[in-house]
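Chemist: Residue strings, one per chain:
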Amino acid sequence: MATTEILLAGFGGQGVLFAGKILAYCGLMDNKELSWLPSYGPEMRGGTANCSVCISDDPIGSPLVLNPDILIAMNQPSFDKFITEVKPGGKVFYDSTLIEAECGRTDIDIFPIPSSQLADDNSLKGGSNIILLGKLIRETNLFSLETMKKGIEKVVPPSKAQLIPNNFKAIEIGMNN
Amino acid sequence: MAVVFERPKALLDVPFHYCPGCTHGIVHRLLAEVLDEMGIEGETVGVCPVGCSVMAYDYFGCDMIEAPHGRAPAVATGVKRTNPDKFVFTYQGDGDLAAIGTAETVHSATRGENIVVIFINNTIYGMTGGQMAPTTIPGQVTQTTPFGRDPELAGYPVRVCEMLSTLTGTAYAERVAVDSVPHIRDAKKAIRKAFETQKNKKGFSIVEVLSTCPTNWGLTPVEALKRLQDEMIPYYPLGVYKDTTAEEGNK
Amino acid sequence: MERNLMKGNEALAEAAIRAGCKCFFGYPITPQTELAAYMAKRMHKAGGVFLQAESEIAAINMVLGAASTGVRAMTSSSSPGLSLKSEGISYIAGSDVPAVIINVQRGGPGLGGIQPSQADYWQTTKALGHGDFHLLVFAPASVQEMVDMVVKAFDKADQYRMPAMILADGLLGQMMEPVSFPEINPDAHDKSGWAATGHKGQREHHIINSLYLKPDELEKSVTDRFARYDQIKENETDAELYLTEDCDILLCAFGATARVVKSAVNDARAQGIKAGLFRPKTLWPFPVKEINEAAKSAKKLLSVEMSMGQMIDDIKLAINCSKPVEFYGRTGGVIPTPAEVLAEIKKVGGAE
Numbered sequence: 000m001a002t003t004e005i006l007l008a009g010f011g012g013q014g015v016l017f018a019g020k021i022l023a024y025c026g027l028m029d030n031k032e033l034s035w036l037p038s039y040g041p042e043m044r045g046g047t048a049n050c051s052v053c054i055s056d057d058p059i060g061s062p063l064v065l066n067p068d069i070l071i072a073m074n075q076p077s078f079d080k081f082i083t084e085v086k087p088g089g090k091v092f093y094d095s096t097l098i099e100a101e102c103g104r105t106d107i108d109i110f111p112i113p114s115s116q117l118a119d120d121n122s123l124k125g126g127s128n129i130i131l132l133g134k135l136i137r138e139t140n141l142f143s144l145e146t147m148k149k150g151i152e153k154v155v156p157p158s159k160a161q162l163i164p165n166n167f168k169a170i171e172i173g174m175n176n
Numbered sequence: 000m001a002v003v004f005e006r007p008k009a010l011l012d013v014p015f016h017y018c019p020g021c022t023h024g025i026v027h028r029l030l031a032e033v034l035d036e037m038g039i040e041g042e043t044v045g046v047c048p049v050g051c052s053v054m055a056y057d058y059f060g061c062d063m064i065e066a067p068h069g070r071a072p073a074v075a076t077g078v079k080r081t082n083p084d085k086f087v088f089t090y091q092g093d094g095d096l097a098a099i100g101t102a103e104t105v106h107s108a109t110r111g112e113n114i115v116v117i118f119i120n121n122t123i124y125g126m127t128g129g130q131m132a133p134t135t136i137p138g139q140v141t142q143t144t145p146f147g148r149d150p151e152l153a154g155y156p157v158r159v160c161e162m163l164s165t166l167t168g169t170a171y172a173e174r175v176a177v178d179s180v181p182h183i184r185d186a187k188k189a190i191r192k193a194f195e196t197q198k199n200k201k202g203f204s205i206v207e208v209l210s211t212c213p214t215n216w217g218l219t220p221v222e223a224l225k226r227l228q229d230e231m232i233p234y235y236p237l238g239v240y241k242d243t244t245a246e247e248g249n250k
Numbered sequence: 000m001e002r003n004l005m006k007g008n009e010a011l012a013e014a015a016i017r018a019g020c021k022c023f024f025g026y027p028i029t030p031q032t033e034l035a036a037y038m039a040k041r042m043h044k045a046g047g048v049f050l051q052a053e054s055e056i057a058a059i060n061m062v063l064g065a066a067s068t069g070v071r072a073m074t075s076s077s078s079p080g081l082s083l084k085s086e087g088i089s090y091i092a093g094s095d096v097p098a099v100i101i102n103v104q105r106g107g108p109g110l111g112g113i114q115p116s117q118a119d120y121w122q123t124t125k126a127l128g129h130g131d132f133h134l135l136v137f138a139p140a141s142v143q144e145m146v147d148m149v150v151k152a153f154d155k156a157d158q159y160r161m162p163a164m165i166l167a168d169g170l171l172g173q174m175m176e177p178v179s180f181p182e183i184n185p186d187a188h189d190k191s192g193w194a195a196t197g198h199k200g201q202r203e204h205h206i207i208n209s210l211y212l213k214p215d216e217l218e219k220s221v222t223d224r225f226a227r228y229d230q231i232k233e234n235e236t237d238a239e240l241y242l243t244e245d246c247d248i249l250l251c252a253f254g255a256t257a258r259v260v261k262s263a264v265n266d267a268r269a270q271g272i273k274a275g276l277f278r279p280k281t282l283w284p285f286p287v288k289e290i291n292e293a294a295k296s297a298k299k300l301l302s303v304e305m306s307m308g309q310m311i312d313d314i315k316l317a318i319n320c321s322k323p324v325e326f327y328g329r330t331g332g333v334i335p336t337p338a339e340v341l342a343e344i345k346k347v348g349g350a351e
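Residue numbers (numbering that gives the first Met the number 0), protein chains in the order written: chain A, 0 to 176; chain B, 0 to 250; chain C, 0 to 351.
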């Protein structure tokens, strides 16, 4: 398989880096080559955050994703900034509760999902990022549900293990909407 | 015939480079006597400064490390933290300890590093030829205060024991002098007390020793001792500024 | 071997502990902070010392003190902090004390920025402090190499009694990759002949010192050290040669930049351009033999760096200016892209 380049972007605090970590761990579970690279800045909370994840069968070259195969956008500025950078044939997943999508592109597949609304409706506070991952695995063949669950188990720290079922639930909601 | 006076074992039999009348020799001897009396020379690592006592590593019999200017307390911290069972001391002058190394001094004290700092205060930079030190007294003529230290221009001296005694980590701070036999005896007691404080793991100890620099003061050795008594002791009063072991004893 | 997913900074810290590092002295600075945080969490459990110093200057001098007693000691920082540490590093070199120093580089000069950079190449390889001396400089290009090279750095620092540096950058420090920890036997170099740990009345006193007031004595101490440096130049160079056997254009890059360049080399090859990559893993000693081997068939060389062009000087010297050496770089924290590098390959040498 060629390298799949994924870019996740949103506000700090929306769990962009966390969702990226889950994808990275999925790669580890599937014995793939992978890299995870956060943008880092002096603002610790609330600023823009994005995260590059590369998954491949071969060693990863540059870990910085500029033209993603897959974009996961969690706020309007991120959507607007990166939508033009997605590779032709690429896939875009975004939170349609927060983002009004307007792009003239017909060479990419766009998958809106009201992930914030769904998270609120299902009492999954802060679960929007995971719902987007659920949507992602339904619309791509990147990882299986089983791998995704293993990835979540790896990323959630043992002290917060009680949150794992909620994350599984969020994945299912994403897959079914 | 009984030997009544000899060179301490912890002081090596090599010629000192110090100027005639300089009191470094007295303080070296007192420190070496304390190492001998406590029987700890073989368990001690000393750290020398940059300044007149830069070559003290050749004079003390214990293992020695030469630190960059002002950094002796940081070097000593590295030694002590990784070798907590060893005795560690620094030997520093006023420029080293209270100017370029102020941060290292203050922070090793406030961390309560379990080390002994021997601080030689002679109110002048000796090795570089007599420039103003952080402890130079107002009015004192040096190469860089040719009209006398003017606090308007050059600020005021640092009183190190007073400053460090405000820090919780400082266990013991005493200012002594080596101008007279009684004061020299007191100085030795203070150095011994500092090493005992380290032995009892009480924390940071500093012994400030008022010393002379006849060469750069432009005085004879005898005149220099008189200046120490007449000008320095009034400005830098002798005494114990902090002693947590005594505080505990009083409870 | 078990694959873990770790940030470069954290993997390096874990590897250092496994390599027998017994103390870490540091001062917070972005983008190396995770390293210190990891040490703070783990070092105590590992039976070692973690101490947050009052400054970079104090931290490197704590390393000098601890390493003078024969203990494996380490500090880490990022570019502006290295300028502060340079005094202590000169003393460590001049005192023949082994120590490991990490620089997770960021953009400069001055306060610069916090994004990745390689602009400390000159500082690190030419003059990290005053006086005639070198330090071993390792340049990792992956999280795995952060691990492998820190283990090697401790070993070589002990072997040659000198400071060793891992010259990383913010990208390697912050990124996560799969990493395995090799079985490490902290190599027991005998330090009893020089370490200052108290003589116990059983030997002459040891002196750790860099002061020699007599010029002939100082000259001898320096020339003795340089004789050791000659052995190191002979034995310790290391480089990766990638698709260099038949290359027309040889790209030269180290660290994170080499990853970008490798992608560009692959893209160039796919377009029929014979590009190759020379990646030094040691920056001092510079792999002179290796680059001459790699450049055999090349008509041109192209140095790609996250700086205004610093390693290019060593490349020209290493090949004795026998071929043209071009430069492409981004600086200030900007990471070059494979597309940019490919365009440069075409511009410089692809039109054969």
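There may be inaccurate statements among the hints.
Stated by the list, open to error - 35 Å max Cα-Cα, derived DSBU-like pairs, lysine-lysine:
id, chain 1, residue 1, chain 2, residue 2
1, A, K153, C, K40
2, C, K232, A, K149
3, C, K125, A, K124
4, C, K299, C, K322
5, C, K40, A, K168
6, B, K8, C, K298
7, A, K124, A, K149
8, A, K153, C, K44
9, C, K345, C, K299
10, C, K40, B, K198
11, C, K295, B, K188
12, B, K85, C, K219
13, A, K159, A, K124
14, B, K200, C, K299
15, B, K85, C, K232
16, C, K199, C, K232
17, A, K80, C, K322
18, B, K198, C, K295
19, A, K80, C, K346
20, C, K299, B, K85
21, A, K159, C, K345
22, A, K159, C, K219
23, C, K190, B, K200
24, C, K213, A, K86
25, C, K219, C, K232
26, B, K225, B, K8
27, C, K190, B, K192
28, C, K199, B, K85
29, C, K125, A, K149
30, C, K346, B, K192
31, C, K345, C, K125
To be clear, the hints were calculated from the coordinates, so they are not data collected in a lab.
Chemist: Hey, K225 of chain B versus K8 of chain B, does the alpha-carbon distance stay inside 35 Å?
Modeler: Roughly 31 Å between the alpha carbons, so the hint for K225 of chain B and K8 of chain B holds.
Chemist: Has the given pair, K199 of chain C with K85 of chain B, been kept, meaning a C-alpha gap of at most 35 Å?
Modeler: 11 Å, holds
Chemist: Can you confirm whether the C-alpha distance between K125 of chain C and K124 of chain A stays at or below 35 Å?
Modeler: 54 Å, violated
Chemist: Keeping to a limit of 35 Å between CA atoms, is the pair of K198 of chain B and K295 of chain C held or broken?
Modeler: Violated, at about 66 Å.
Chemist: Are the Cα positions of K345 of chain C and K299 of chain C separated by 35 Å at most?
Modeler: Status holds; Cα separation ~12 Å.
Chemist: With the threshold set at 35 Å, check whether the alpha-carbon distance from K346 of chain C to K192 of chain B stays at or below it.
Modeler: 75 Å, violated
Chemist: Taken at face value, is the distance from the CA of K232 of chain C to the CA of K219 of chain C at most 35 Å?
Modeler: 20 Å, holds
Chemist: Would you mind confirming whether the straight-line C-alpha gap from K80 of chain A to K322 of chain C stays at or under 35 Å?
Modeler: 43 Å, violated
Chemist: Would you check the hint for K190 of chain C and K200 of chain B, treating anything up to 35 Å between C-alpha atoms as holding?
Modeler: 28 Å, holds
Chemist: For a C-alpha distance cap of 35 Å, please report whether K190 of chain C and K192 of chain B respect it.
Modeler: Judged against 35 Å, a Cα distance of about 33 Å means the pair holds.
Chemist: Checking one constraint from the list: CA of K213 of chain C to CA of K86 of chain A, max 35 Å. Satisfied?
Modeler: 68 Å, violated
Chemist: Is it true that the CA of K159 of chain A sits at most 35 Å from the CA of K124 of chain A?
Modeler: 15 Å, holds
Of the numbered hints listed earlier, those contradicted by the structure are 2, 3, 6, 11, 14, 15, 16, 17, 18, 20, 21, 22, 24, 29 and 30.
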